[in-house]
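Q: Combine the two chains into a complex, taking the hints into account.
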Amino acid sequence: MNNEFHYDYKTVQGFVLSAIFWGVIGLVIGLLISAQLWDANLNFGEYFSYGRLRTLHTNVLAYGLGIGAEFGIFYYIVMRLTKRPLVLPKLARFHLWLFNVGMVLATLSLFIGMNQSLEYAEFEWPIDVAIVILWVIFAINVLGNVFTRKEKNMYVSLWYVIATIITVAILYIVNNLAIPASLTKSYHIFAGVNSANVEWWYGHNAVGFLFTTPILAMFYYFLPKSTGLPIYSHRLSIISFWSLIFAYLWTGAHHLVYTPLPDWIQTLGIAFTLFLIAPSWGSVVNGYFTVDKDWSKMRNNYLTKFFIVGITFYGLQTIQGPSQGIRVISSLIHYTDWVPGHVHMGTMGWVTMVICASVYYMLPAMYKTEIYSEKLANIHFWIVLVGQLMFSITMWITGIQQGAMWKMTNSDGSLQYTFMETLVRNYPYWQMRTVAGVIFVVGMLFFVYNVLMTIKKGNDLAKQAA
Amino acid sequence: MKEEFDNLEEFTREDTEHALPLGWLILFIGLIVFGIYYVYAYTPAFTGWSQEKAFEESMQAQPK
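Going down the list, the sequences are from chains A and B.
Position one of the first sequence corresponds to residue 1 (the working numbering), numbered consecutively onward.
Position one of the second sequence corresponds to residue 1 (the working numbering), numbered consecutively onward.
With the rest of the complex left out, here is chain B (with noise of 0.2 Å):
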């Protein structure tokens, strides 16, 4: 029995072939923006911050 190839074409959908669905593209830029924001924020070279610093103060706010 000879065999049957594949054809590309079924992988291919003509109609939206080439569609990003905006939710999707609004989760990766955003996804981006965030992490950039998020890397500026939680540096200590960029503000200060440091896990450090954060557990003191978290230690100061407890309750007595």
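Same shape as in the complex, but just chain A (with noise of 0.2 Å):
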């Protein structure tokens, strides 16, 4: 079926390659950090020094890379699903512009050391207020559309795109309740184990609706568009659905496991936890069945694999995060090393699995052309993998080395390792994750290439054309 109009893509276009630009300072200072661990010398001065970088790394990749893309992405999927352009396209782009500049902003208020020590909510609050109205933009565009669709039914990834955007909304606002004391300084408006317990609801939950529920809407968008095979059971997505969101909202206590916060909190937390792999798995479960009506799919498509290898993360991220929130799994590896490896798992094998497939997709589709190369294709998951499985797998076996130690005492019950012990330890392991990380930077910069020469093919054409 045709329609009357175009869609305007500009929009999605600019956000993919500010997101793709962002992702290349990210990794590298990623790659950066990881060397400081195992390697002090690489500390330059103040600015360049860990303590400021890794700050850096983790809102970089996550603001920039993470929410750059999931905010393109997202005004597509709304587009072809409402089946209308954007209703405010002026709007729109300029989101585009003031996401760049905030970025910016940002970026450098975290360099100079402007930073209200909640992780993952390092912004100070006048940056915090730039990234509100950024929101607040942003859910107009897509909320806009969604109620002037010219579909009826809303499909799955509609519900994944307006949770994101609604819980997003409420745990940033209330985390980030400060009082100023200046404009560079403020404090959280919530004290002791009270912040403690606000800030890891927070946390948890910018990991669920951040990097779980808008990769689910590119999943269940993009799964079917580019195998051609429809999505096994409607049903059971709706139901993931509504459990995923009911659930994931209550279990932030797990990180706060053996600490002052009520037992009987952590206990619930750990509850929901543990439940959360039901509705993980529905969506896992979903995949699998979808693709099962023909495997072939894996190899005459490229980007299945993709999608397959990310669910699959998804899933063992799923059950690993759940685990450790039980409180005798939490002895032994948090604190450890252990979790930066659960995380890249999470970050390296789903969410930039997804997120590039996603973009492998669209741009032919933006650009009416073909990708420019299925073989960089190819050689980018490749090598991809082969990076995460690495990075991961040896925080892993690090990461227990470290808990073990930690935990081990003399006959008298004086402890059997010092710290340093337990850090020299680690040298080994970090020094492979900085080998690992070159491969997964490598495997990126395939796909960055890959991109760049499809948009200048897509562009040529459309020269041609005209």
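Hints in this document: simulated from the structure, not taken from any laboratory.
Glycine is no exception: its CB is placed at the ideal position from the N, C-alpha and C atoms.
There could be a bad hint or two in this list.
[Said to hold, decoys possible] Sample of chain B residues at the chain A side, in silico, Cβ under 10 Å:
#1 Phe5
#2 Phe11
#3 Thr16
#4 Ala19
#5 Leu27
#6 Phe28
#7 Gly30
#8 Phe34
#9 Ile36
#10 Tyr37
#11 Tyr38
#12 Pro44
#13 Ala45
#14 Trp49
#15 Met59
#16 Gln60
[As the list claims (entries may be wrong)] Distance ranges between label pairs, derived from CB positions:
#17 B:Ile26 <-> A:Asp294: 23 to 29 Å
#18 A:Leu249 <-> B:Ile26: 49 to 55 Å
#19 B:Phe34 <-> A:Leu31: 38 to 44 Å
#20 B:Phe34 <-> A:Asn459: 53 to 59 Å
#21 A:Leu31 <-> B:Glu52: 53 to 59 Å
#22 A:Leu249 <-> B:Glu9: 32 to 38 Å
#23 B:Phe34 <-> A:Leu249: 15 to 21 Å
#24 B:Glu9 <-> A:Ile326: 20 to 26 Å
A: Encoded structure:
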């Protein structure tokens, strides 16, 4: 069926390029901080020291690459699923510019050391205000389209998009409530244990609603689009959606096991955390059964493996994560290097994998051309897979070693190892992790090159046609 | 060039549209039941269990 109008893809394209730009910066900083851990000489003054750059790494990748890509891909999905162009295309373009200006200011603010000292909520209050404005603009654009949609039925991806918008708004505003002391300094409105509880309610759900629901929105949309296979069960996807949304917001306390947080809150958090395996695996099962109709797609269609391997890591992540919430496991691996291993399986194996595949699908559709090279995309896939596995596995091994050494006691009850002894044992694994990071970044450079060449190809074709 | 619309039918598989795999359903209900038990067993107000007490017990159990 054809329609009367063109979709305006310029904003989507702008977000994709912005995300790639911030992604490269975040990845390079990631490599540097991974090396700083095993060679202190790589800290250059206060600005390029680990303390500053670690925060930059997480924020630039989560907000620049992650959210930047999500803004663009959401606009694309929303236009497609509401069957109409954006209601306010100029506001969306303004959103794109504000996003990039905001990212520059936010990055600089962390660089010069403005920091609320709340993990993943480091930005000081002026940046927080700007982010809230940015998010409201995004919400107006997306919800405007949803309310004026030309397609009566709402596909599950739209539900995930809406959940992301509403939940992130609530989380971000509540956790960033602070009393400003000056332009660059503020104090969290909650104190002590309350501050910690709100912070991890936010921190855990930032993962849930920036790295889970948006990526599931992409997965449910782009898997059928790129394979031509319809989703196995609509009911399963909807039940998984509502139970995921319901359970997620109760789970933050599992980050505070064995702390002064009251026992009953911890217990409740752990129970909901374990329950989350079910809705997560609902999506995993749905993905597998979708491709089960024709597994030859794994060979014939280069994007299928991105989605299937991505959802597999999502499945592993959502078993590993809830297990880590259990008290006895938490006591072994919490505060160790196991944790970055866990996080990076999610970000490198699931989030980036699905975002890249979505971009590979969108680009040819938006630029009316073919992908520049499927072969390069396949190389990208295998290299990032190797890099990610090597990263996660080395960190798991050293994390268990670290946790076990911390717990070992002599017969008189004194600790068997000093902290330094446990740290030195990390070095070989940290060095291997840097190698893994380099491998992953090389894979991502194949992706960036492929994207840029596809855009060039599309633009050349458009010029010839004109 | 005109746009082609997405057709929602390409996302819907008619034969299994309403299917819930049995194994998954068992997992789903099982985790709810387990969650209720877990909250009951490890909430101080219900059973008297507490982290503090569990820690003390584990210290006494250590061989001297």
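Q: It remains to establish, for every hint, whether it holds in the given structure.
A: Evaluation of the provided hints:
1. Phe5: 5 Å, holds
2. Phe11: Interface hint status for Phe11 (chain B): holds (5 Å vs cutoff 10 Å).
3. Thr16: Hint on Thr16 (chain B): holds, closest Cβ of chain A at ~5 Å, below 10 Å.
4. Ala19: This interface hint holds because 4 Å falls under the 10 Å limit.
5. Leu27: 5 Å, holds
6. Phe28: 4 Å, holds
7. Gly30: This interface hint holds because 8 Å falls under the 10 Å limit.
8. Phe34: For Phe34 (chain B), the interface hint holds, since the closest Cβ of chain A sits about 7 Å away, which is under 10 Å.
9. Ile36: 8 Å, holds
10. Tyr37: 9 Å, holds
11. Tyr38: With a closest approach of 5 Å, the Tyr38 (chain B) hint holds.
12. Pro44: 5 Å, holds
13. Ala45: 7 Å, holds
14. Trp49: At about 8 Å, which falls below the 10 Å cut-off, the nearest Cβ of chain A leaves the hint on Trp49 (chain B) intact, so it holds.
15. Met59: 9 Å, holds
16. Gln60: The hint is violated - Gln60 (chain B) has no Cβ within 10 Å of chain A, the shortest such distance being about 12 Å.
17. B:Ile26 <-> A:Asp294: 23 to 29 Å: Distance hint for Ile26 (chain B), Asp294 (chain A) holds at roughly 27 Å.
18. A:Leu249 <-> B:Ile26: 49 to 55 Å: Given about 25 Å between the Cβ atoms, the range is violated.
19. B:Phe34 <-> A:Leu31: 38 to 44 Å: 42 Å, holds
20. B:Phe34 <-> A:Asn459: 53 to 59 Å: Holds, at about 56 Å.
21. A:Leu31 <-> B:Glu52: 53 to 59 Å: Violated: the Cβ-Cβ distance is about 44 Å, outside 53 to 59 Å.
22. A:Leu249 <-> B:Glu9: 32 to 38 Å: Holds - the Cβ-Cβ distance for Leu249 (chain A) and Glu9 (chain B), about 34 Å, lies within 32 to 38 Å.
23. B:Phe34 <-> A:Leu249: 15 to 21 Å: 20 Å, holds
24. B:Glu9 <-> A:Ile326: 20 to 26 Å: Because 43 Å falls outside the window, the suggested range is violated.
When each numbered hint is compared with the structure, violations occur for hints 16, 18, 21 and 24.
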